[in-house]
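K.L.:
One-letter residues, chain by chain:
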Amino acid sequence: MLSSFQFNRLLVGSVLCLSASLAGAQSFRVQCPTSTVTHPVAANNNSEPVYAGPTYTGTNGYGTTPANVNGAIKCQQISGGDGYAAMGDGTQTYLFSFGPLSGITDIALGKPGTQFPSVFNVRFPVTTSNFLSPGDPATTIGAATTPLTPTQLGTLASYNYNGAVGLDYNIANIVSIYDISESGSTVTVVTNVPLDLNLKVGDKVTISGVAPPAGDVPLGYQGTFTVTAVNVPNAFFPANFAFRYTAAATGLATVNMSSTAAAAIPKLLDGHVDPRQIMDVGVMNGNIPAPLMAIDEDDEFFLTLTNVGMIMRPDLFEQHTVHFHGYPNASAFYDGVPDASVAINIAASFTYYYLAPDAGTYFWHCHITPPEHLQMGMVGQLFVRPRQNRVTAGANLYTARATQDTDLRTACVSAHDILCSNPLPAVNSGATHTAGATYAYNDGDGTTRYDVEYPMQIHGFDPNFHFVGMTFNPEGFADMKDKYFLLNGRSYPDTVSAGPLQTQSADGVNHFSQPLPAIVTIPHGGRALLRISDLDVSEYQTLASLGIPMQVIGYNAKLLRDEAGNNMYYTTNSITLGGGESLDVILDACAVRGPAPTYSCTTPMAAGTYYLYTPNLDHLSNDAENFGGLMTEVHVN
Amino acid sequence: MFATTIKKAPSMKRLLPVSLAALAVLASATAQAAAPGIAGNTINLTAQPAYISQPDGNSVYSWGYGCTTPPATTAFVPTMANVTPFCNTMQVPGPTLVVTEGQTVTVTLTNALPTAAGNTSILFPGFTLTSTCAAANQGLLTCEAAPGGTVTYTFVASTPGTRAYYSGTQGDLQVEMGLYGAIIVLPNAAPTNGSCPAHNTAAGVNTAGTALVAGGEDDFRLSATGAAYHLTQSCYDREYLFQFSEIDPNIHIQALAQVSAKAGCTAGAAGCSLNVPTEPYHPVYFMINGRSMPDDMDTNYAAQYQHQPYNGNPHMHPGELTLLRIIGQGRWQHPFHEHGNHVRILARDGNLIASALTGTGASQLAGPLLFTTTTTPGQAMDGIFYWTGKGLNWDAYGHNPASSAASNMPVHDACVPDANGYYTSNPLAINYFEWCQDHNKPMQAAPFGDVAGGGPTTLPEATLFTNGAWFGGSPYLGPDATVRATGPTGTTPPSGTIANSPTGEAGFAFMWHSHNEREITTNNIFPGGMLMMMLVDSREFVIDESQ
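Line by line, the protein sequences are chains D and H.
Residue numbering for the first sequence follows our numbering, beginning at 1 and increasing consecutively.
Residue numbering for the second sequence follows our numbering, beginning at 1001 and increasing consecutively.
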């Protein structure tokens, strides 16, 4: 038996170890450039421009000036770790899970956490009285009830911080100058160590020193300048010790071995993060489903995964990854399969990069030991909105769709590409774009237009597996048997609770654990797009609609259309999906709808409550409770 | 005659799944696949018991179809120069029968199962039998061979495509025990709406720009016309056959116990039959082509799998149209997820899914595009997959406009796009089928090795991530790009990438697997089960399906 003295010593020792590793070995970082090769003008990247035409025409690509810059830059940060969720019968269930580390207000409000650079690259205004607390934003708004009180919901909306958690200024980088000389107005600076290994043309550098007569650095050299050249070969040091800028004054004398000359890069928000905030917010903060992501075609998407470790499983030194499930022509490197690529270790961040693929309903999940990490909850939703949303108001959709074929990247011509899913419609429906109208796909005929959209993820939890997953025992895979059947991480009746659900984690703090309700509300005579995905890891599940027919318009993130341009949509009252599948369903609250081009509703459906439920009747349960499970309400106004 | 117990694995093996997998991978690092089978319209099959092996060390008592006598060497298709094909008297799945449309096919089945197993038979769904059946052999569904007896099935291979064949006698037990296989019917004429392009045999380019392999890369397609059906939309460059099935070992243990207890009984006598419960069903082995991962990535006809000759180990070059022939042979459905791209479904059970285009009369494909191809018991589907990297928005070949001309590298042509935006004018170039819009477009912010910087992303330093066994060593495709991207001024290629060497293959690896994720385990050990790695290989790398 340990004496208390020995115990204290052990405790002190382990605490020291912990702090040492946090201080010395963390490598968290976020990436969200304000401009790139593809989106060169920073000021244009914080909103979606109108799709006025193809990015590139003809066959030439990079290197020629784009005809139109389409899309913008989107960024998101997520944590990989663990947490808890509340099941429909009140059980607190342990998760391996992702949590939001950007867009934390939007996520809690059930919206995507994907942000433009102008929102993402904003640091939380930390003061002595204003800081991020463990469990935020649930902690700050005092979330304790489900659903949240109107006051709490109001506080949540006004919390309104959606930047990258942890983002903070880096330290100003100052190095002493060995030699500074001028030729014409071009100044060459050779520093004693490289100013910045990532120094690039266009960066701002401040040159300072003591001017004559007291010192030896002429005023003409001093000030803040734009770097015009890097990696300059010089007589003194390696090339990356030198850079150039253009001075206003000419004829300045060379200064060698000045005792005061210094070059500095001012402090910047450049992806450097404060790990304290990351850990405060990210630890034990898992969500089910994982943070929602939404991007638009032509966007560049920077997704930073920050591995905060699994506090309840200190025996596991697990990496996590993000697999963008269903991405066409995916990159093996960014595919998130640890066997086929790299996986980020605990206390570090990895940024996934993709140009948004073809519009559709995708989803994402961790790919480390999938039977375990998926069952334990590392599953989320992701969709890509079509270019057609952004065409000029009044434009003919068929013509706009044909325009996309003039850029080979966005072209879809069946004769040339067997994997093209949305060729031009067989007939021009004459449909035109209304400002603000949204579509599921680049259909060219307006048939996938919807008024409201709802991501809807089907999943299942095996409580035995989750219990074993919290212990240190080996898990059985073949015996996996789900007992909780989840829509957006909730089982009925939680599916129809408004606002986020919260669960107290092992840190004693409430966290928003299930931010996404599963209530569908359709405006009078309107159309709701259900983006349904299934990440169950053990069996197929069926979702049926009582009353409102389900029109299936897309399957596996592709429009249902044959190569001849005929829509192959079908109407049904139930859909069946296995894990790893998605489809798009339109619930039309219109009993009789007119023809193209307007498809206007002539006879709206009666207002009322309808249901989505599973005819897998044993899935209408929450473990031992025989009522609940995979079921939710559709409210038609 | 039969061993009385199932051989148990040493328990230590169960504790070391990762090293097991790693060992198997080492042995199979360059194994490739194709859709091997036996050609000819007359074949003699026998149904026999034998043991099939699982990567956890178990040998599972099974029944399978095999060849009564070894076929002639020339009957094995496609030609595989570097392995010795075999067809033993029992294999799981049964021999893949490769026939041509319009041929009359004659299959003679001999029942060499244990007497107590009773009759057996074969169903050929999708074909109409023209053979007659003696009254004594007529079973419920088809003609059955009594223990020791023989029956003959004759049918016309009426239409092209992939189909399953399996036992039509006590199917809940006999199919579970392994009595299933595939039949591939090849079209008897070129497509009606054109012809398929010639197979590009160039690969393995050296610095002089010539192919390393004399005669180039072999063509492993079964179809002489290069098409799976009578449409040019079914033209393909490579093909693979995947048969999905499960094993509940309790059923096999029961079958073996009863067969052993009743050894020597007289066929048809009272009590000379099996009563093996097949419910509740509790499978723990999930197999592709009769093998669980990592065994499925070993070579076709590997000597250690005498009764499981077929593998599941697809490879392809960028832009190659790859025909997937997928069959559900077990009892369950499996959501088979192909990483990397979608699959265009051409046909179900040999029936092309197409619609007529108004005006011209030519057919247009109407099958769905799927990233998860659900296998359904007894159902076969054909689909086309390809990968090009189009739209990545960075140069997957790691080109550096400043240095590519100067360095002593294989032929990297400037990317001159064709009408679809790909570089296809020089089949000898490494970047054949490169997506030209991204040519020279940087990915990383900082220059790395020989690859220029200026791109959007910054990769963390190499000590912060863990490398996978199939990681090619860099974000870029092929050994040339990987070596240039990691040296001399970058880091050296990482260690631990044992299955996809940075200097040898360095392909892009994609996992193809059941997305009922618990099925990518072998008897509760992860990784295993219905899982394989698909490799997209740079054209430097010679894909030899016979290895």
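Keep in mind that the hints were calculated from the coordinates and are not lab data.
Some clues are possibly wrong.
Computed from the model, here is a short list of chain H residues facing chain D with C-beta under 7 Å [stated by the list, open to error]: (1) L1129; (2) C1133; (3) A1134; (4) H1337; (5) S1425; (6) L1428.
If the Cβ cut is set under 10 Å, some of the chain D residues that face chain H in the computed set are [unchecked claim]: (7) N198; (8) P338; (9) A400; (10) L408; (11) E581.
To spell it out: a stretch of chain H is covered by chain D in this simulated footprint if at least three of its residues, at any positions, have a beta carbon under 8 Å from a beta carbon of chain D; those stretches are [to be verified]: (12) 1043 to 1054; (13) 1090 to 1097; (14) 1160 to 1168; (15) 1218 to 1225; (16) 1298 to 1305; (17) 1309 to 1321; (18) 1524 to 1538.
Fair warning: this is a prediction, and the values are worked out from it, not measured in the lab.
Ideal Cβ positions, reconstructed from N, Cα and C, are used throughout, including at glycine.
K.L.:
Give a verdict on every hint.
P.N.:
Going through the hints against the structure:
Hint status for H/L1129: violated, given a least beta-carbon distance of 34 Å to chain D, over 7 Å. For H/C1133, the interface hint is violated, the least distance from its beta-carbon to any beta-carbon of chain D being 38 Å, above 7 Å. Hint on H/A1134 is violated. Least Cβ distance to chain D is approximately 43 Å, over the 7 Å limit. With 7 Å as the threshold, the beta carbon of H/H1337 comes within range of chain D, its nearest partner Cβ sitting at about 4 Å, so the hint holds.
The interface hint given for H/S1425 is broken, as the beta carbon of that residue sits about 12 Å from the closest beta carbon of chain D, more than 7 Å. Because the closest C-beta pair between H/L1428 and chain D is about 21 Å apart, greater than 7 Å, the hint is violated. Look at D/N198: its Cβ gets to within about 6 Å of chain H, closer than 10 Å, so that hint holds up. Annotation: D/P338 was flagged as interfacial toward chain H, and the flag holds, the nearest CB pair being 5 Å apart, inside 10 Å.
The beta carbon of D/A400 is not positioned within 10 Å of any beta carbon in chain H (closest approach about 20 Å), and the interface hint is therefore violated. Taking 10 Å as the C-beta contact cut-off toward chain H, the hint placing D/L408 at the interface holds, the least distance being around 4 Å. Nearest Cβ of chain H to the Cβ of D/E581: about 5 Å, under the 10 Å cut. The hint holds. Evaluation of the coverage hint for the stretch 1043 to 1054 of chain H: breached, as 0 residues show C-beta separations to chain D shorter than 8 Å, against a requirement of three.
Counting residues of the stretch 1090 to 1097 of chain H whose CB falls under 8 Å from any CB of chain D gives 0; the rule of at least 3 is not met. Counting residues of the stretch 1160 to 1168 of chain H whose CB lies closer than 8 Å to any CB of chain D gives 0, so the stated coverage by that chain is violated, three being the minimum. As drawn, the stretch 1218 to 1225 of chain H meets chain D at 0 residues by the rule of a beta-carbon pair under 8 Å; below three, the given contact is violated. With 0 residues carrying a beta carbon less than 8 Å from a beta carbon of chain D, the stretch 1298 to 1305 of chain H misses the three-residue requirement, and the given coverage is violated.
Chain D is given as covering the stretch 1309 to 1321 of chain H, and this is violated because 1 residues of the stretch bring a CB closer than 8 Å to a CB of that chain, at least three being needed. A count of 5 residues in the stretch 1524 to 1538 of chain H with a Cβ less than 8 Å from any Cβ of chain D is obtained; the coverage claim is therefore met, three being the minimum.
Violated hints, in rising order: 1, 2, 3, 5, 6, 9, 12, 13, 14, 15, 16 and 17; the structure is consistent with all others.
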